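Visitor: Produce the entire structure from the sequences given, and follow the hints as far as they go.
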Amino acid sequence: MARTVWDSTVGKKTVMAVSGIVMLLYLVAHVIGNLKIFFGAAEFNHYGHWLRTVGEPFMHYEWTLWLVRIVLVVAVVAHAVSAYQLSRRDIKARPSTYVHKKPRASYATRTMRWGGIILGLFIVWHVLDLTTGTVHSGGFQEGHPYQNVVDTFSTWYGNVIYIAAMLALGLHIRHGFWSAAQTLGVGSRTRDRALKTVANVLALLLTAGFIAVPVGVMTGVVS
Amino acid sequence: MKLTLRVWRQKNADAEGAMSTYEVDGISSDMSFLEMLDTLNEELILEGEDPVAFDHDCREGICGACSLVINGDAHGPERTTTCQLHMRSFADGDTIDIEPWRASAFPVIKDLVVDRSALDRIIQAGGYITAPTGAAPEAHAAPVPKPDADFAFEHAECIGCGACVAACPNGAAMLFTSAKVNHLNVLPQGAPERETRVLDMVAQMDEEGFGGCTLTGECATACPKGIPLVSITGMNREWLRAVRKGKR
Amino acid sequence: MTTYTDYTTGEPATDTKAPSGPVAERWDKRRFEAKLVNPANRRKHTVIVVGTGLAGGSAGATLAEQGYHVVQFCYQDSPRRAHSIAAQGGINAAKNYRNDGDSVHRLFYDTVKGGDFRARESNVHRLAQISVEIIDQCVAQGVPFAREYGGLLDTRSFGGVQVSRTFYARGQTGQQLLLGAYQALSRQIAAGNVEMHPRTEMLDLIVIDGRARGIVARDLITGRIDTYFADAVVLASGGYGNVFYLSTNAMNSNATAVWRAHRRGAHFANPCFTQIHPTCIPRTGDHQSKLTLMSESLRNDGRIWVPKAKGDQRPAHQIPEDERDYYLERIYPSFGNLVPRDIASRAAKNVCDEGRGVGPGGQGVYLDFADAIKRMGRKAVEAKYGNLFDMYQRITDEDPYEVPMRIYPAVHYTMGGLWVDYDLQTTVPGLFAIGEANFSDHGANRLGASALMQGLADGYFVLPATINDYLARNPHQGEVTDEHPVVQEVLAETQGRLNLLLSVDGDRTPDSFHREVGELMWEFCGMARTDSGLRKALERIPQIREEFWRRIKVPGTGEELNQSLEKANRIVDYLELAELICLDALHRAESCGGHFREESQTPDGEAARRDEEFTYAAAWEFTGTGTAPVLHKEDLVFEYVHPTQRSYA
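Protein sequence lines, in the order shown, are assigned to chains F, U and W.
The letter at position 14 of the first sequence is residue 14 when you use the UniProt record's numbering, and the numbering goes up by one with no holes.
The letter at position 148 of the second sequence is residue 148 when you use the UniProt record's numbering, and the numbering goes up by one with no holes.
The letter at position 522 of the third sequence is residue 522 when you use the UniProt record's numbering, and the numbering goes up by one with no holes.
Source of the hints: derived by calculation from the structure; they are not laboratory data.
It is possible that part of the hints are untrue.
No farther apart than 27 Å at their CA atoms in a straight line, the calculated lysine-lysine pairs in the DSS-like style are these [unchecked claim]:
1. K146(U) / K379(W)
2. K11(U) / K101(F)
3. K567(W) / K11(U)
4. K101(F) / K2(U)
5. K146(U) / K374(W)
Computed from a prediction, not measured in an experiment: that's the story for all the values here.
Guide: Below you can see the structure in the form of structure tokens.
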């Protein structure tokens, strides 16, 4: 069965849909957590600490976090590898284009590939910036996420990278969510409008929620 | 009216192709697009040139043979087949680009003629109900609810022209395949082979080198029979159901 | 010197396979008497099937299911594109689901009468019996017939009958039935039981020791001419309506397979029985390449009329009710707009000849849905005929919901074809003809929705039963190879013909000749025929033929995809077939069904049969291009449906 799924274009799209939804659920949790930054350093840092202690005493310190991280890595890798393989296949299936060119498909659809690559690169930067601190602009302080976030968004390039990536994320979710529903076979003629609305709302809320943080830092609401 | 045609000319499958330009005059707006090409070909023959090869047969929009990309659109600007497109859709003095279906699963044979046998092989993989002649039960033995019968019919309308593949930026045959899967899988007669059908047809579709679906919707826009994009969703559902049932 | 019209009459044609006894028992009797082939021996037999329409597709699939090795051909790029796909209206079956008094016997009766008493009773009864099984078979295959809310099959009425026995799938019944056969065939292709050769056209028949043993066919992509050998050959290549140039046939439908078989010894029966369909979209100009049919089912709810006054140029909506002539309802009150096709066509021609036709050139009559829209509402009309209305609007740029459609008759179907016996075997042993390619079941006029029925009856049920008998009686036929002198000769002849076409390098295109012979046929051998007109045509055809071989221009070579060469080669055969059609029409000095001889009509202008002289099928034997053929008459006996002057009044 796993072989059938992985060997089939429809199966790989399913992998993309499922991994995409896993990441989407994570993002919903993530944005809620992010918004805590507007309630001050203490609450935000406390939240950051809590992430490491969730599940105790059943789980050891950071076990749950690592579990989530593993699931996320698997999802990202599965999503990216599927996307890469499917894209290669798609390009091979249509090697020559028409001489008479027309602008095609909606913006979101066309930008899925480029948007995906941008988001992949962003994730790397984001982890190196705010999780490991490797490329952090100020002095990265383990256990002080509030300050780290403020540092990042105090640089112009931090803001540009982040906001650009979040816009790409919005477009990606807008088509991706609806597309995943089709891939998983839950779309239908009657449900189509509802699905598109949910996709738009999700995309909008997540983008707005994430962008609120750098905007907050820039406007001094968060400092 | 007078038109400038830029037509893809390619001697055979192995030759390089290129666009050639022709002028045609005296075209009536009541002509069908193919009758306009007939006019060009009559002139080419008398000039001792090779006429433009293109597939066509019924010229009633049902056999699915005609297959031209006109100004970048599979079957041209109207939602119909090339043979049912009329010159009233164009204006005097227009330049019209005419190209063959493009997909690596549809190699060009000559000029505007392509090989679409891959679609036949998808049907051969499972696009049928096993009902040997003579073994059929009385037709009224299994009533089919009207909505199901209508759903089956709407998908069975596919003419196998391949416009969906030609229009798809990925050269995918998902709309074609899904139309047949949905037609047969909704019927009680199709139930015994429901899972193997979708699995085998999708596997053959992949085998033929068609691309995957990114739900751009270009296929459904190009489809002269109006097979909806949601047909693909239905096939995905059938495919997942078959996988879940462990039929492979 | 004898001319083409000095034909001689040879031995009568006899159907040696026809069983006797009560008509309802004959098919069972024949099936029981037919020898069977042991299932284990079937795979040792190869059967060639030419064509993949309803008849060929269903035959190929069924023979393969039975275990035969089938080698099948179609000129299209896929077997799914055969022209059966364009049939719109429906398929008849004596199911009596409506409880409206239908029965096998009534379908039999209607078909014999509809055919104007020029068909065999045995064959027609068999067709009516099998009609019931066809519906079962197609439903089992997943053909999405129209259904009612209770989930049961819906039916509608059709021309020439007073019961509702026509099963349909919106306006695409032919498509759906063909896809059913195509899918069954696809299953057999995948199973390796059918070797399918698309884009391959049969160019000649190989007859060895008096038996059909194979064909010569050209690969339309590479131009390669190959031989294929078998124990039996089945022609399911359709009708020859394209001899008229403008017809509702597909552009590439052609007569080459049947004509080449005729040249090799298969008799051609009743070639002049051609059906002119009353409801086609009128032509718009000289550029017209084909005509499009509007399903006859439109006559169920549409009303046909013309203005009462000659040359009335007012638009339809400005002509008041009392100045309209609903001529079919007036002349045939009990059948009204649902009279058989030949009658409806001729009536349209008559009113147009009187100068009351509408549209460009006065070559059209109105088919008006205003009353139906008023009665049923636009929605109901849309549901029933929507796709036909769309098609009409696309072609004419007129909205049939607002203005009445214009229709005019056009060549649609050919009842004539290769002569076959009850087993569907031609006069060449081992050569069978099924579907429109044979002449057997429709007499002088085919009823609507009966072509699909006959094609599927022949392919699914009749041929698979009868071909067994031939193969069982001829189990060991010697191996044939390309080296056989007969094969060499046929190959050389085919190659020579193509080479000649390519070498003339004249100044006229293939289409120009096709158009010329087509126009000649339409004028002199169309809806109304006369002795003098037919003689004119017979004088002209050899001249066109001579000019053809002097002036034809075919560019390119034979070793590539060459559509001009394909076309020219088909025209070679039309130019001979046209002559036979005219001769048949000339010799049959009576009117019957689709064959209307002006000299033979009743005082009120209806077709007058001359049963004393012409109650026979005319089977013609080929003697050479342009030389007088030999006529073999098969007398028709009517024991159950006694010939009367057809009356639909």
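Visitor: Each hint: holds or not?
Guide: Going down the list of hints, with the structure as the test:
Proposed proximity of K146(U) and K379(W) is supported: the alpha carbons are some 17 Å apart, at most 27 Å. Proximity of K11(U) to K101(F) is assessed by CA-CA distance (about 23 Å); at most 27 Å being required, the pair is judged to hold. Among the hinted pairs, K567(W) with K11(U) is consistent with the structure: their alpha-carbon atoms are about 19 Å apart, no more than 27 Å. Of the supplied pair hints, the one linking K101(F) and K2(U) holds, its CA atoms being roughly 23 Å apart against a limit of 27 Å.
For the suggested pair K146(U) and K374(W), the alpha carbons sit about 26 Å apart, so the restraint of at most 27 Å is met.
When the structure is compared with the earlier hints, no violation turns up for any of them.
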